[in-house]
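Engineer: Chains as they are written, first to last, in numbering that gives the first Met the number 0: chain A, 0 to 576; chain B, 0 to 285.
FYI, nobody ran anything at the bench for these hints, they're computed from the structure.
Fair warning: there could be bad hints in the mix.
Stated by the list, open to error - SDA-like, lysine to any residue: derived pairs with alpha carbons at most 25 Å apart: (1) A/K319 <-> A/R274; (2) A/K203 <-> B/T137; (3) B/K88 <-> A/G146; (4) B/K88 <-> A/D185; (5) B/K88 <-> A/E32; (6) A/K173 <-> A/K449; (7) B/K88 <-> A/T144; (8) B/K88 <-> A/A35; (9) A/K319 <-> B/S117; (10) A/K449 <-> A/D424; (11) B/K192 <-> B/V158; (12) A/K319 <-> B/T137; (13) B/K192 <-> A/G204; (14) B/K76 <-> A/Q5; (15) A/K81 <-> B/D225; (16) B/K88 <-> A/R140; (17) B/K88 <-> A/R274; (18) A/K455 <-> A/D424; (19) A/K319 <-> B/F223; (20) A/K81 <-> B/P224; (21) A/K203 <-> B/D21; (22) A/K203 <-> B/F223; (23) A/K319 <-> B/I252; (24) A/K319 <-> A/Q279; (25) B/K88 <-> A/K81; (26) B/K88 <-> A/Q151; (27) A/K349 <-> B/S117.
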Amino acid sequence: MNGMGQPRVVAAIDFGTHGTGFAWTGISQDNGEISARHVSFFEDWPHQLSYPKTRSAVLLDAQGNLLSWGSRAEADMAAMPKGSGWRLAVGFKMGLRDTTSETTSVVAALGAQAGIVLDARAKDAYLLTVLCLQQVIAVARDHITRGAYEDQDIRWCLTVPAIWDHYTRDLLFKAAVAAGLPDDPDRLLLCQEPAAAALYCVAKGEALLSTPGTRFMVVDAGGGTVDITSFQVAEDGRLNELAPATGAFAGSDFINRAFLDDVLGEQFGTGIMGRIINEQRAALVSTMEAWERAKRGFSLESREELVIPLSAPLYATLLKEQLAGRWRGGEDPATEVVISRELATSLFDKSVDATMTHVTQHLAEMRTISGVTGGEIIVLVGGFAESPYLRATFTERMAGESVRVVIPEQPSVAVLAGAVHFAYDPSVFLSWRAPFTLGIGVAKSFEPGKDPESRKITNFAGRQLCLGRFDIFVANRDALLPDEPVTRTYHPIAEDQTTIELSLLSTARRDPRYADEPGAESVASVTIDLSGTMDVPVEEREVEVAMYFAQTRVRVEARNVHTNEPVTVDIEWRATW
Amino acid sequence: MAKPVSRVQLLAESNGQYIPIDNWLSWAEDQIARHSAEIDHLKRQSAEVNAQLAIVRSELQATVALAKGPAETAELKHRMRELDQRLNKILALVNDRLGGGQNEQGMLHHSHAQEYVSLVEQHVMSLMRQVLQGEDATPMEKAGFVALVCAALFDSPQVRQEDLIRNLGPNAPASTVDHARDICTRARALRGKVADGRRQRWRFDFTYGVGLDAAWQEPWAGSFPDGLVDFVVCPAYVVDSDTLLVKQRVFTIMPHPDKAMSPQGRATHPDAPAVPASTDGPDEVD
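One chain only, chain B, in its complex shape (with noise of 0.2 Å):
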């Protein structure tokens, strides 16, 4: 049997649009089941914390109940050493896991993160001249380009290399192909990186016709200054739930009343290059 559909929704407040709260209640479940077992770790290991602490405690009082006279004084300082060393462990240990810092392994990211955008900027880029040479493309077209590519580097499980190939035309040059899948050659590398150590994400999902939000977009060259969202360009680069590394880059159009807005949050519009549906989920609401 089908679920039933709610008919409430939720007005987000970062873009002022209607969400049904289905799609919220099973985005906000998503997430709850991600994070859960990390919480449970956390509880788990504040516990232990906890319980350590208070031994050390207990027994430096003891120890310090000990401290009668001068005879005392040598296994005094012995036992403080120890009790000072166990402190020191456990402070280690909450710092480890409650310090907030990023290990060196998560600080890999960074360097991931680069390599994205270097990979778009220099051979994503360099393939959109090599295909568009001699066509007197536009900014938009150019970025249209850009934003195909980048759709099957990353916005689906695997490198959709033939997707990308087939979009060349059947008249591409040999060097022509050969760059595309270079290109997905490294892009599978890449994404083989960002897939160890903390959990990433390429993030797609954008919501058509309204300003870009600063904080988490920026726009591409040849955009319509202060504009209205019309594509992305290439994703965001999201680690852990919502560290963001890279902005998603976008294409901002200037705003013309008969442009219709598409309800998924995704392009519609008909100049805008055809990018397939997003594997995320839907829209923010925070």
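The shape of chain A in the complex, shown without the other chains (with noise of 0.2 Å):
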């Protein structure tokens, strides 16, 4: 940090479920532009060819010691003693979502990259990801500050997927902290993944997502999930978000998890594929790797069967299963997979069908918001945005929407480019739309004939009040402006009381009237201590409460008016979100 306590240089870590990279940029007059900014991509990880990522993965022993990470640890997997509780842990940033919604259907995602079918529900997915972010932070700092720069100067972002809850933000967030980074959300930002990769489009020169008055959808085609978000440029050519992100577990994982049950699994045997999997690992890696590529190279217009060479060690595998009398093939396994164009097409068609499904949704509703229908513009980025056919299908079935589809230069990169423009300048959104209806229970005016008699109270001005009214701060898909807190002042019910106490509440409805109605829930309390001024008249006693609202988190302060001392709320977001 300077001495005006400004950052020096920023940097993004896209930590992902397959795969984590980092990247940054200096701050300075000659970077202001976006899209003249100069961003530097790490790619130089240890144990591993040159490369912006290395996997989200570690290695840990029988009494959960890291033993490795990052690629070493899927490397070393292979000389692991067989029977000593060690275990690789993969895709455990899937696992920080909730559990008890719609993930639990889910659950087995499959390592891209890597061939390794995961559970998404571990338990210690937290504890994982501050072991993984422990690593991957320690390598970023250790780069950054080597050159010109001071561990004080960074100004951190971590991405995150738009259709994670608060909870879950907040989760990431705290493992963050954990891992090392500060604990300041001025010095620790955190990103949505595909607002990042709007503005790596708008830093590539796409001036329409500048222009004012453009509206704009970002499908960030991931490998385990699709998150989509929408934006409306405002006059001065920042962005609103139009409609609240949406997604789904629609990635091509599921097409991975197919080529390993419907292809290589009736080819060689469930049973055998299941060994390798279980004992064996590493042998497939090259192999789906190679499929991954295969899958990137499938069009519309192939004619061709898609073939996958085998990995070495998993065709030696092959070999020892079958000289085990374990295979029954009659001859040697071959050195490569053919798919034919129909099954891969299939194949394509059950991911592709679920990404178009959300996105014509979500399309459906940003035409409701903004009272428009037409003339949108769709950007597709994340790694399943590279496959030439999910690109075909998608302007194909988008033909007959008056939308332009648009697809960077390097759809794979665009999420963690842009989460440094990002932490460059948050400013650069102005609002986002609320995933629920937020607010205070409180008494309000009684309104007889509307109010049930059972909460009426009388309070110390003889005043008919009803209890436990719902007092909607921002209500569910209302615009957030970070930059202007919504704020409220309240008075005591009692003439002899000493504190207030606030009940922050939460709930899908947009419009609540109480706060114990089905669906609202308590999300926090704050306290306020009125104790140094009961000498005040009662009705001159006053509270103060506001809520600020940024991308990713909320938080509110409340004061007593004549004491002016504020409080802050901590507050712990509920999972049920």
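Dock the two chains into a complex; use the hints.
Structural biologist: Below is the structure:
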């Protein structure tokens, strides 16, 4: 940080289900213009070929101690003794999210570039995330400070899926702090992945994305999820979120699952493949990488079959299975697996159909909210966006919708580079849509005929009040302005009241009336001390509550107006949102 | 007059082979020539950065000396802000030039490298299946065909399309010839792309008859496990001086006492595919 408390460099970490990378840029006048900003990417991860990402993986011993991480964790796995209790953990990012909701039906996501079937409901996902981030952060910090910057010069940014709720975002923030990043919302930002991708497109000179009035949707099609969000460009060029982020577990992992089950399992036997997955996972890695490349090469126009060369270790393993009499194939296994165009198409269509369903729904919501139909831009990013099949199908199915589809040059780095741009200037986003209604439980004027008599009370001045009303600060899907807090003032009900306890409430409903109606939940509480102002006339005893809505966090500040003592709430977001 | 040839040889630690020192010296000269311009450029930038840092430092000292009372506070803040901006500019310059990160243009090589592997795995292997269908080809024959195509595509200054088509034989169906032409077109497009930005090369060189070096080589499917390198199936993709983006894929065979070693590190085994001589330098001697 400089003397004025401003960062000198910003660094973004794209912590992905399969891979993690980081990038950074210095803050200077020469870098001020987003389109001319020089972003540096790291590609020298240890124990792997030069590549912008390393595996989000940790290898642990029986006691849970870290043995190795990243790509090395996978490589080391092959040499681990059987039965010693070690385990390779991958895909734990997915496990951070609340698993009581729809994720439970998804579960067995597949490591797209590793061929590893994993349990997305890892109970220790938080701890695994901390362990992995510790190593990644150490590499990033070491690299950035090896040059001219100091650790305290850095403002960090972590990317999060748009469909993550506040609880999960907060969990990642805490994991990052536990892993060594500053516990300071000004020095550690979270950025929605599709929002970051949108900034990348702006930086790449997609002029319409900076033109006031433009409405655009970003579809981030990754391995495990498809994340969708949309924006409208404000008069000053900043971005207002249009429809709340949506998404689904419909990424390309599902095609990988089908490749393992329907293709390799069919060809070599599910028992053999199961044994390889459990005991020889490393032998599958290169083959799954080849499958990943084959996927990215497959297009609507493809007339040829897909050819997936088996890795030498997988081929050797299959030969051993044959020698051991466990595989009944009459001849030597082929050195490659061939998938017909028809089968490949059917595998792709399952995932593409799910993606398109969500895109269509989101587009409809954009149109409802804006009141305008047609002329939207759809930006397609993420690893799956490199698939010509997805691109062509997407464009074909959107042909009748009067939209323009934009695919940046390097969709796979869009999120990482975009997160750097966000960390450089978070104010580029003007407003966000509230994902739920947020308010405070209070007593309001009693409305006869509307409020039940059982809720009626009389305050110190003889005024009739209704207890347990839901005072809405922001309604579900309302625009949240990060720079403008929503403020309310409250008075005590009783004359001898020495504290006011405010209960922060949330619900999915837009217009809740009571704090205890179905769906409304208390998410935190704030207690304001009035004891120092008991000599002030009761009608003048006033507390002020302000809610600040950042992109990924909500902060509540309350203060006794007379003593001016603020109370800031440390909200523990609940997993039920 | 012919250049005198030294008899001094170097023992390469990587594979235990002796290499003529003249070969090594010419390789080293080439490497130095390649990098000297970059080194000079970095030296100039480093000197510029040092000079600017010295100016900022002295101005900072002068500014601190100015701060004698409240009256100077506004001026001090103004100058501090100016100096801070200049410092940020220098730090960003240092980061850009010496920070070790890769810019977005450089990152394109990762896409190109993937495109290269896809070209081999999807198109070249598809051609291989087309050509060898019904022949009950062994893994080595299949790998040999892929090696032949890869050599035609990447082991000379231009794609050798005619050589490739000739190798398909006079009776090759038109669809197979078209397929080969399409592959050549794709290879030319890829070679055009990789020529931009970071220096790139296809690494074909290898040492025959030794175990593969897992740091930069990996076995092709059907190879003999833990065997000796017989031939290169497809080259490594290397950028900058030695940054490996894709490993060289080699076919390995069972050790055999009768098989002769090639002194030039080129495949000479009678079963190996006819691979043309490399345009690269001599073997690594690191």
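Engineer: Run every hint past the structure and note whether it holds.
Structural biologist: Here is how each hint holds up against the structure:
1. A/K319 <-> A/R274: holds (12 Å)
2. A/K203 <-> B/T137: Status violated; Cα separation ~49 Å.
3. B/K88 <-> A/G146: Status holds; Cα separation ~14 Å.
4. B/K88 <-> A/D185: Holds, because 22 Å separates the two Cα atoms, which is no more than 25 Å.
5. B/K88 <-> A/E32: Cα-Cα ~14 Å, so holds.
6. A/K173 <-> A/K449: violated (44 Å)
7. B/K88 <-> A/T144: Cα-Cα ~16 Å, so holds.
8. B/K88 <-> A/A35: With Cα atoms ~14 Å apart, B/K88 and A/A35 stay inside 25 Å; holds.
9. A/K319 <-> B/S117: This hinted pair is violated, its Cα atoms lying about 28 Å apart.
10. A/K449 <-> A/D424: Not OK: A/K449 and A/D424 at ~48 Å, beyond 25 Å, violated.
11. B/K192 <-> B/V158: With a Cα-Cα distance of about 14 Å, the restraint between B/K192 and B/V158 holds, given a limit of 25 Å.
12. A/K319 <-> B/T137: holds (18 Å)
13. B/K192 <-> A/G204: Holds: B/K192 and A/G204 sit about 21 Å apart, inside 25 Å.
14. B/K76 <-> A/Q5: The hint holds at about 14 Å.
15. A/K81 <-> B/D225: Cα-Cα ~22 Å, so holds.
16. B/K88 <-> A/R140: holds (20 Å)
17. B/K88 <-> A/R274: Since the Cα atoms of B/K88 and A/R274 sit roughly 57 Å apart, the hinted pair is violated (cutoff 25 Å).
18. A/K455 <-> A/D424: violated (49 Å)
19. A/K319 <-> B/F223: holds (13 Å)
20. A/K81 <-> B/P224: holds (22 Å)
21. A/K203 <-> B/D21: violated (49 Å)
22. A/K203 <-> B/F223: violated (48 Å)
23. A/K319 <-> B/I252: holds (17 Å)
24. A/K319 <-> A/Q279: Judged against 25 Å, a Cα distance of about 12 Å means the pair holds.
25. B/K88 <-> A/K81: Violated, at about 55 Å.
26. B/K88 <-> A/Q151: Satisfied, since the Cα-Cα distance of roughly 17 Å is no more than 25 Å.
27. A/K349 <-> B/S117: holds (23 Å)
Hints 2, 6, 9, 10, 17, 18, 21, 22, 25, counting from the list given before, are not met by this structure.
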